[in-house]
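Colleague: Here the protein sequences come in this chain order: D and P. Numbered per this note's numbering, the first sequence spans residues 1 to 327. Numbered per this note's numbering, the second sequence spans residues 1001 to 1206.
Please note: incorrect hints may appear among the correct ones.
The calculated lysine-lysine pairs, modelled on BS3-like cross-linking and capped at a C-alpha distance of 25 Å, are [stated by the list, open to error]: (1) P:K1031 with D:K199; (2) D:K248 with P:K1084; (3) D:K277 with D:K249; (4) P:K1031 with D:K277.
Now the in silico label distances, taken between C-beta atoms and shown as ranges [stated by the list, open to error]: (5) P:T1190 with D:G172: 37 to 47 Å; (6) P:Q1139 with D:S219: 43 to 53 Å; (7) P:D1011 with D:K310: 53 to 63 Å; (8) D:Q148 with P:R1199: 19 to 29 Å.
If you are wondering where the hints come from, they were derived from the structure by calculation, not from laboratory data. We treat Cβ as the ideally placed atom computed from N, Cα and C, and that holds for glycine.
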Amino acid sequence: MLGLGIESTAHTFSCAIIEKNGKKGKILSDIRKIYRPDEGEGIHPREASRHHIENSSTVLSECLQESNISIKDLDIISYAAGPGLGPCLRVGAVVARSLSSFYKIPIYPVNHAIGHIELGKLLTGASNPLVLLVSGGHTMLLAFLNKQWRVFGETLDITLGQLLDQFGRSIGFASPCGKNIEELANSSSNYVTLPYSVKGNDVSFSGLLSATKSVAAKSKVDACYSLQETAFAMISEAVERALSFTRKKELMIVGGVAANKRLSEMLKDVCTRHGCKFFVVPLRYAGDCGSQICWTGLLESQIKPGVSLKDTFVTQSWRLDSVKVDY
Amino acid sequence: MKLIKKGAEADLYQTKWENSKAILKIRKIKKYRNSSLDSKIRKQRTIKESQMLSLVKSYGIPAPLVYFVNLKKTSILMQEIPGKPVHDLSDSKIIELSKEIGKLVGTLHKNGIMHGDLTTSNFILFQKTVFVIDFGLSQISIKPEDHAVDLRLIKEILNSAHAKIMQPSWKNFLNGYKSIVGQAYYTKITKLVSDIESRGRYAQVV
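Put together the whole structure using the sequences plus the hints.
Modeller: This is the structure we're talking about:
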């Protein structure tokens, strides 16, 4: 089974081709172009969608070339239908619809967040994990129960990715800022007390963001260090609570912030204490990519024939706990 | 001393205090946390929990008796409640007890206390009485928003861990809650719960 997946929910436009054999999947190609805003600025939805439109055909042809596959060989096409930025989502959907109607290939709308989880499971081999999804769009703790991913904890306001990005931009970095903050944080060990807000299994970051901005006025490195220590300790505690409540024996971390080494280090320690296995999605596939969409589409195709063109929607707010998973 | 549970923030040991069975709850050092942040959190929560356990008893909330507090070791020695967490009971029993849990939460809120960690593991059924435990995240608060955060958490837990019986349990919980706090406050808090939910990521927007 050959699938093409198209991702365009936020700053990344990506196409990927995966060959599926039973439960195994082999990524034949995964090409991306990432929209970069100016320093100190965030994603401008219109500019990002323009970037996606300009790059869509190059990315698609590179993807086909690298995998040595012709469009006619494809069995299915899937695209990220949400959640994400409306103008960006539409680009991926238009590309997918055009290919599907012209070449008569079944089409599958896919939930972007489910994509992160399914690709993570494929690449790490986790079987029944508690999932920590940390990215610009999500900060959620999930476990699978009765055919749906259920939320055991989440952020009550902004996400971990937004916290890092919004703080990073305030000190002059361009989104995504996680890497820059991690580098600065490594050169300090001076902890400044910041608000620590864990509410049961949930976390809240908005107060922490404001407080860190005022610390940055005195020292940027101390601010970066203290921000990471506080925010990641909050996440780790929420993970511990969810682990002890669900009694899961596996933890899998996916999403863009999974690339942060300090966060992984903390979570590894949590896992040791609770005697559970720790899985991190490989760095290259932590962030948004076509593979996550492609693989989820391929899984869907085991039980569904694809949808008709009039049902190929995009939805900016599409919570993953509303998706029925039957495969 | 026998280790009986490694909880999220503390280890629980079974031990004795003056010939009666007791639980020693130790908040151990977490290596992953920055040490000054870690000791602050452990100390604060030990103080908070021991104070709150004593306070809530005066409002008629069944909770373990505190025998001894050791701030240096951030440990609390308390009465053992040898029952079963509501989380582990049968679905029909959880539905039935939800009303009682609602009443207990209502009583806490009425007396200006938010629990902060309302999960079904933190209620223990022992000889027909539901006990409330784990007050580490509790706060003295009369703010309706804080009380709504409490309700949202238990709703989230019912919706995830007990998804099959979410509807009847939540209904019973709310009925129990309403019977204590009264119609007016109940309406106010449930409205706030929807407000908090709508602030969540990708909540249904018009």
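Colleague: Compare the distance between the alpha carbons of P:K1031 and D:K277 with 25 Å, and conclude whether the hinted pair is satisfied.
Modeller: 18 Å, holds
Colleague: Quickly compare the C-alpha distance for D:K277 and D:K249 to 25 Å and report which way the hint goes.
Modeller: 6 Å, holds
Colleague: State, for the Cβ atoms of P:Q1139 and D:S219, whether the hinted interval 43 to 53 Å holds or is violated.
Modeller: Check failed, 31 Å falls outside 43 to 53 Å.
Colleague: Quickly compare the C-alpha distance for P:K1031 and D:K199 to 25 Å and report which way the hint goes.
Modeller: Holds, because 22 Å separates the two Cα atoms, which is no more than 25 Å.
Colleague: 53 to 63 Å was suggested as the range; check whether the CB atoms of P:D1011 and D:K310 agree with it.
Modeller: 57 Å, holds
Colleague: Compare the distance between the alpha carbons of D:K248 and P:K1084 with 25 Å, and conclude whether the hinted pair is satisfied.
Modeller: Answer holds: D:K248 to P:K1084 is near 20 Å, not above 25 Å.
Colleague: Between D:Q148 and P:R1199, does the C-beta distance stay in 19 to 29 Å?
Modeller: 22 Å, holds
Colleague: Note whether the CB distance of P:T1190 and D:G172 lies within 37 to 47 Å or breaks it.
Modeller: Holds - the Cβ-Cβ distance for P:T1190 and D:G172, about 44 Å, lies within 37 to 47 Å.
Consistency with the previously given hints fails for number 6 only.
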